[in-house]
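Starting from the structure of chain A, add chains B and C with the ligands where the hints point.
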Amino acid sequence: MDKLETMWDVCLRKNIKRRSFLKSCAALTSIMGLNMDMLSKVVAAAEKNPLPVVIWLHGHECTGCDESFLRSATPLTSDLVLNSIALEYSHALSAAAGEPFEEHLHQTMQQYAGKYILAVEGAVATAENGIYCMTGGKPFVSVLKEVAKNAAVIIEYGACATSGGIQAAKPNPTGSVSVREIVGNSKPIVKVPGCPPIPEVMTGVVMHYALFGKLPPLDNEGRPKQFYGNRIHDTCYRRPFFDTGMFAENFDDAGSKAGWCLYKLGCRGPVTYNSCGNLRWWNGLSYPIQSGHGCIGCSNDHFWDEDPFYKRLPEYGPILGDVDKIGAAAVGLTTAGVALHGAMSVVQKKKRQAAEEKSDGKKVE
Amino acid sequence: MKRVVVDPITRIEGHLRVEVKVDEATGKVEDALSSGTAWRGLELIMNDRDPRDGWAYIQRICGVCTTAHALGCLRAVEDALGITIPKNANYIRNIMAGVQSVQDHVIHFYHLHALDWVSPVEALKADPVATAAMQNTVLSAYKVNVTGPESLDTEAYPKEFPKATPEYYQKIQKKVKDIVESGQLGIFAAQWWDHPDFQILPPEVHLLGIAHYLEMLDKQREIVTSHVVFGGKNPHPHYIVGGMPCSISMDDMNAPVNTERLAIVDRSINTTINLMNDFYVPDVLAIGKMYVDKGYVDGGGMAKERVLGFGDYPDEPYTGTTNGDFHKNLLYRCNGIVEDFGKGLDAAKFYDFKAEDLSDPEVLNEGVEHSWYEYPGAEGKDLHPWDGVTKAKYTGPKEGTKTDWKTLDEDGKYSWLKTPKWRGKMAEVGPLSRYIIIYTKIKKGLITDPTWVEKMIMDQIEAVSKVLNLAPEVWMPTMVGRTATRALEAQVHAYVAKYYFNKLIKNIKAGDTKVADTTKWDPKTWPKECKGVGLYEAPRGALSHWVVIKDGKIANYQAIVPTTWNACPRDNKGDHGAYEKAMMDTKVKIPDKPLEILKVVRSFDPCMACSTH
Amino acid sequence: MIMHEEPRKVYYLFSPFLRIFHWTMVICISFLFTTGLLITKPASGGVSMEPTFGNILLSLDLIRNIHFIAAFIFVAAFILRIYGFVINKGDRLFPRVWKAEFWQSMIEVSMHYMLLKPSHRPYLRNPLARMSYVGLYSMVFIEIFTGFAMYLMVNPNGFGAKFFGWTIGIFGSEFMIHLIHHYIAWAIMLFVIGHVYMAIRADFMEREGEISSMFSGVKILEHEPVDVGEIMDKESSDTFSDRKPLHAGQQETKM
Ligand code: HEM
Ligand code: HEM
Ligand code: NFV
Ligand code: SF4
Ligand code: SF4
Ligand code: F3S
Ligand SMILES: [Mg+2]
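Protein chains in written order, with the numbering used here: chain A, 1 to 365; chain B, 1 to 613; chain C, 1 to 255.
One or more hints might be untrue.
[Stated by the list, open to error] Restricting the straight-line Cα-Cα distance to at most 25 angstroms, the calculated cross-link-like pairs of lysine to aspartate or glutamate (DMTMM-like) are:
{"hint": "1", "chain 1": "C", "residue 1": "K41", "chain 2": "A", "residue 2": "D322"}
{"hint": "2", "chain 1": "B", "residue 1": "K219", "chain 2": "A", "residue 2": "D79"}
{"hint": "3", "chain 1": "B", "residue 1": "K524", "chain 2": "A", "residue 2": "E315"}
{"hint": "4", "chain 1": "A", "residue 1": "K349", "chain 2": "C", "residue 2": "E222"}
{"hint": "5", "chain 1": "B", "residue 1": "K398", "chain 2": "A", "residue 2": "E99"}
{"hint": "6", "chain 1": "B", "residue 1": "K2", "chain 2": "A", "residue 2": "D79"}
{"hint": "7", "chain 1": "A", "residue 1": "K138", "chain 2": "B", "residue 2": "D592"}
{"hint": "8", "chain 1": "A", "residue 1": "K349", "chain 2": "C", "residue 2": "D203"}
{"hint": "9", "chain 1": "A", "residue 1": "K264", "chain 2": "B", "residue 2": "D252"}
{"hint": "10", "chain 1": "B", "residue 1": "K509", "chain 2": "B", "residue 2": "D293"}
{"hint": "11", "chain 1": "B", "residue 1": "K393", "chain 2": "A", "residue 2": "E128"}
{"hint": "12", "chain 1": "B", "residue 1": "K443", "chain 2": "B", "residue 2": "D298"}
{"hint": "13", "chain 1": "B", "residue 1": "K455", "chain 2": "B", "residue 2": "D340"}
{"hint": "14", "chain 1": "A", "residue 1": "K349", "chain 2": "C", "residue 2": "D227"}
{"hint": "15", "chain 1": "B", "residue 1": "K587", "chain 2": "B", "residue 2": "D404"}
{"hint": "16", "chain 1": "B", "residue 1": "K159", "chain 2": "A", "residue 2": "D253"}
{"hint": "17", "chain 1": "C", "residue 1": "K99", "chain 2": "C", "residue 2": "E230"}
{"hint": "18", "chain 1": "A", "residue 1": "K349", "chain 2": "C", "residue 2": "E108"}
{"hint": "19", "chain 1": "B", "residue 1": "K589", "chain 2": "B", "residue 2": "D197"}
{"hint": "20", "chain 1": "B", "residue 1": "K528", "chain 2": "A", "residue 2": "E102"}
{"hint": "21", "chain 1": "B", "residue 1": "K87", "chain 2": "A", "residue 2": "D253"}
{"hint": "22", "chain 1": "B", "residue 1": "K550", "chain 2": "A", "residue 2": "E315"}
{"hint": "23", "chain 1": "B", "residue 1": "K219", "chain 2": "B", "residue 2": "E260"}
{"hint": "24", "chain 1": "A", "residue 1": "K138", "chain 2": "B", "residue 2": "D411"}
{"hint": "25", "chain 1": "A", "residue 1": "K138", "chain 2": "B", "residue 2": "D404"}
{"hint": "26", "chain 1": "B", "residue 1": "K587", "chain 2": "A", "residue 2": "E99"}
{"hint": "27", "chain 1": "B", "residue 1": "K406", "chain 2": "A", "residue 2": "E103"}
{"hint": "28", "chain 1": "C", "residue 1": "K162", "chain 2": "A", "residue 2": "D234"}
{"hint": "29", "chain 1": "B", "residue 1": "K509", "chain 2": "A", "residue 2": "D253"}
{"hint": "30", "chain 1": "B", "residue 1": "K406", "chain 2": "A", "residue 2": "E102"}
{"hint": "31", "chain 1": "A", "residue 1": "K351", "chain 2": "C", "residue 2": "E222"}
{"hint": "32", "chain 1": "B", "residue 1": "K398", "chain 2": "A", "residue 2": "E315"}
{"hint": "33", "chain 1": "A", "residue 1": "K350", "chain 2": "C", "residue 2": "E222"}
{"hint": "34", "chain 1": "B", "residue 1": "K391", "chain 2": "A", "residue 2": "E128"}
[Claimed, not checked] So, partial list: chain A residues that the calculated Cβ filter (under 8 angstroms) puts toward chain B:
{"hint": "35", "residue": "L51"}
{"hint": "36", "residue": "L76"}
{"hint": "37", "residue": "S78"}
{"hint": "38", "residue": "S90"}
{"hint": "39", "residue": "H104"}
{"hint": "40", "residue": "G130"}
Note that these hints are calculated values from the structure, not bench results. Treat the numbers as computed from the prediction; the structure is a model and nothing was measured. Ideal Cβ placement from N, Cα and C applies to all residues, glycine included.
Extracted from the complex, chain A is given alone in its bound form (with noise of 0.2 angstroms):
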């Protein structure tokens, strides 16, 4: 029994080296009972056939897109988990943590350098050198910033990956960015905003990477066309409502029962790009929208400051109301201010008309 324990050990945590790596391999055959000819195959399923290395980073996030991620059905997290990737670092579901699990990222980044898959979840907080986020001792930033080195391609997951997310929101205390922000365009990101994104398009994201071993084409935001292609208001099946304009004003009232279109309820249909409309949650079980509720818009860049959401273009002010009062008060105002620009010109006209025609008659004397 001690035996195995040790052997684990030198596996598990120590087989950065090619001899050491081939040791533990055998370790682990014989250990596990496995028959001795099994070397080999491990050995060449290890370095020959592996699978995609994913590293998953969590940052300044709220685990909101952990979950969604696990909540998919097709491919079923397990599956694409056990099957398609080899997760080998997770805050959420790794086995290991402290010392020997940033022992094991280390390891994993040498060894996978240039092929792995970061996967990042929350925002980068940059205020005071990154001390509002630390992990490990360290500061989120520089973790992110060593890791994204020798990624093969970078996934932002979720609002606070892509655009900064709810920390970013005003007045944003930790200086909070996106993943994009802190390691550039050195690499291909992907970006698949969401708060949280579908389940089903952060697996797919995953899913189409081990299938056809690339990744999916991008828009020229860089997210997945398949899954962002189109605005939820040119997909949503309230639409004809829409069009016909037949709206709920109330939450509530006839229409929302009869579930018309949630415009005038501050729907972000309109201007949102998600695979809302289309996919749905959960396998096509429902949307916000089809709950009854106006989208907010989780998939754009800065949504959270564009508040208030039940409100379809927000108030200007507290005081002057939305923007249509303050253009008509405008429009109000300036009409007055040319009447009054008018009376006083011909006042002005009669005044200069009078002297000159005083001059005039002068002249004429």
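Okay, now just chains B and C with the ligands, sitting in the frame of chain A:
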């Protein structure tokens, strides 16, 4: 004496670091420090927002207990504005809260906690035939048979039942072997699998545990299906102040809620009940029993000294929290504080928690003595949340630099959590606390007319005490007890969901389809200035949200969160919080591999995003 | 009242292309503004049973289509404006901001409009107005770019979206685009009020055929306008005596 640091702690939510001083000779933890190492400033982000939007922002405190903060905020805002939500909205929110707790607990036990108890390495040694046999034993010996309230019995037979065939366990074992052979251990990499604690359970339990880890990974989503039906998504379903957005209509073709939608919810709740009865509760009890039998009854800590709860599940709509109405008709009356439960029921003291306590600045407040915050002008004081201040003041570690820590400073500031207090004292919150409170209240005759929930809880405690052959005062305030009561509570929450589903159906049947009260939707109907509080028994314990509204905008927002209660840094007298106490109540076999420390900390189901926010 | 029966000169300024464009623009903007406001705050169809039987007049489908048709006509008509600019000096209204002289006249005219000066020197094309047209055109361009960005993002992979999509990029989000589009719409209305007032006022005060100029293309001035050089041939602009209105002046009208 050795100072051991574990950072990052995984299989939790967020960024947690612990440091313990272990006596290498005895394994005793002499001192412990728990630090939340990230802070996002969400309370500050709430300022100046429309109170009707608040739930969406503050919900993002946490995606694990995803609905907790939305409900806390809605309740606070509705309390401030004097809004009573319609019956249907109350039932729907309670269904959502119920299944949220179940799902959160399930994810915690199987996916965040299990790998402290069971190991894939041990599972490889198991005999699949014996494992299948053991599954049947577990089902018969460790099932806690409870009957819920009188309910709509819509399920013909239990659809989710643990598999107990050798082939099934063979296949699972093979999968584990394949992973090991591949050389890519994925999530199983780098754990201290050689730790002696993994020898406590027989290999078959390990295989069973791993199998159910996988089963529940696939199933947990179905528990919260109702969130997607009623709130459009999960995590982070949508709500509205005044009720729910999901209108009900049986007359319209496109209504968010109709018979078919309700059937989806019903199916999901039935599944949930089965998963509790046939997986979660028996699994936890089987494992817990073996631990307890081997003498592992440590890790209680604060649970033995002081536990706190606010109470939950308003059976019917209420008019407010500060006015006392919330507490008048609860299904789960765990409002109160129990001190010294560890000394036995007789020695235990009970203090009621009433609505008046909410507005009393002396009862609930938060200090920042050891937190990376300051209270300008009120140094050294504890502030009541309505007057609460969130102002960061980072001081760095004891050893190391501000951006490269060696050890944190237990004498100075060392965490992004504040220290919440009840009458100047810290307390533990959570399922265990709630169970201790209910148990004490009923045993001491403070509840004479238990609700069906409270009765069920008593039945469970009794059944488990029989299985473990220990008195509740002994097994409950322990690490195992914390994990076990969570499972028991999940079972209760599953029935709670069913109970409110029945109420919902009955009410719709009676012709009431209202889900939102929008009479106070318009800010013009609001007072110029008002404040409110929202209480909620979140999966991890008592949650309170505090809002001050001025001129239609949020003027101050404070949340005191379960994990803040539990994981807080010590107070100005140097007393420890629940995490620190629990660690100090746990023996460590190998200081360099402090698996016990991780296990006891994880028994709280840490949520750091929640705690620091 | 003694009037000096001085001969007034007719100056040909605006090509028919500009004039047609101007009035097309007026009509289009009226439609764009009204339909735009209705897009933000639609009137409700309300009582209809289902979309098929909805009230077509309140339908956003119709209102948006009117908005888009007006937008297309507007943009198409702009070609006329460009053509006018190319063939006719009088159409070249861009203020000569690089000339000190222009700023002097700006100050002079502004003083008059601030009622600090009883009159200003005669201009063919008022420098203040010309500045305001720059403002108006900038706003119109923002409307066009933001408008087409929104319009064409129905298919973000399409060519059109690539062509206009950058607008969204610079303003941060599509939500901002809607906002800006909406704010600018109101700003244009403010211009219109000022502009129409100025036109009427000029007509009334100076009696130089201001309003009719946008129909006939000519202005009739009593005195030699300060900026007459701008519409003269370059070669002949050296001596005052040589200055002749470009096309007009064949007949001199008495009022
Ligand atoms: C939507 C409303 C209108 C807009 C946007 C608008 C815009 C413009 C612009 C941009 C010009 C400069 C010519 C060019 O560069 O194309 C102009 C000239 C002119 N507009 Fe308008 N206009 C509007 C309505 C009117 C109306 C209603 C009148 C008549 C009362 C009018 C009378 C004139 C006149 C007389 C000129 C020539 C003024 C000068 O020489 O400076 N406009 N207008
Ligand atoms: C002076 C010119 C224009 C004015 C005053 C104007 C005004 C408006 C206003 C007030 C809105 C409502 C904004 C909102 O609530 O989202 C709007 C929407 C819109 N406009 Fe314009 N607009 C103008 C030109 C254009 C042009 C040239 C286009 C090009 C196609 C355009 C396309 C749109 C589109 C696509 C929308 C959004 C419709 C929707 O959300 O359903 N607009 N416009
Ligand atoms: N602590 C905490 Fe929560 C819970 N349960 C909050 O209220 O987890 Ni994120
Ligand atoms: S994007 Fe939203 S759900 Fe995801 S981590 Fe950030 S706050 Fe949580
Ligand atoms: S509900 Fe929202 S997305 Fe759907 S049609 Fe209406 S405005 Fe568009
Ligand atoms: S709020 Fe988010 S989940 Fe979809 S409908 Fe809107 S993008
Ligand atoms: Mg707080």
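Quick rundown of the hints versus the structure:
1. K41(C) to D322(A): Within the cut-off at roughly 11 angstroms; holds.
2. K219(B) to D79(A): holds, 13 angstroms
3. K524(B) to E315(A): holds, 14 angstroms
4. K349(A) to E222(C): Holds - the C-alpha atoms of E222(C) and K349(A) are around 17 angstroms apart, at most 25 angstroms.
5. K398(B) to E99(A): Holds: K398(B) and E99(A) sit about 19 angstroms apart, inside 25 angstroms.
6. K2(B) to D79(A): violated, 42 angstroms
7. K138(A) to D592(B): holds, 21 angstroms
8. K349(A) to D203(C): holds, 13 angstroms
9. K264(A) to D252(B): holds, 20 angstroms
10. K509(B) to D293(B): violated, 51 angstroms
11. K393(B) to E128(A): holds, 11 angstroms
12. K443(B) to D298(B): Between K443(B) and D298(B) the Cα gap is close to 24 angstroms, so the pair holds against 25 angstroms.
13. K455(B) to D340(B): holds, 23 angstroms
14. K349(A) to D227(C): holds, 23 angstroms
15. K587(B) to D404(B): violated, 29 angstroms
16. K159(B) to D253(A): Roughly 38 angstroms separates the two Cα atoms, so the pair is violated.
17. K99(C) to E230(C): holds, 12 angstroms
18. K349(A) to E108(C): holds, 17 angstroms
19. K589(B) to D197(B): This hinted pair holds, its Cα atoms lying about 9 angstroms apart.
20. K528(B) to E102(A): violated, 53 angstroms
21. K87(B) to D253(A): Distance of about 16 angstroms is within 25 angstroms: holds.
22. K550(B) to E315(A): holds, 17 angstroms
23. K219(B) to E260(B): holds, 21 angstroms
24. K138(A) to D411(B): holds, 21 angstroms
25. K138(A) to D404(B): Holds, at roughly 5 angstroms.
26. K587(B) to E99(A): Status holds; Cα separation ~20 angstroms.
27. K406(B) to E103(A): Given that 25 angstroms is the threshold and the Cα spacing comes to 16 angstroms, the pair holds.
28. K162(C) to D234(A): holds, 18 angstroms
29. K509(B) to D253(A): Judged against 25 angstroms, a Cα distance of about 19 angstroms means the pair holds.
30. K406(B) to E102(A): holds, 15 angstroms
31. K351(A) to E222(C): Holds, at roughly 20 angstroms.
32. K398(B) to E315(A): violated, 48 angstroms
33. K350(A) to E222(C): Within the cut-off at roughly 19 angstroms; holds.
34. K391(B) to E128(A): holds, 14 angstroms
35. L51: holds, 6 angstroms
36. L76: holds, 6 angstroms
37. S78: OK, holds: S78(A) within 8 angstroms of chain B, min 4 angstroms.
38. S90: This interface hint holds because 7 angstroms falls under the 8 angstroms limit.
39. H104: Status holds, d = 4 angstroms.
40. G130: holds, 7 angstroms
Hint compliance for this structure: hints 6, 10, 15, 16, 20, 32 are broken, all remaining hints hold.
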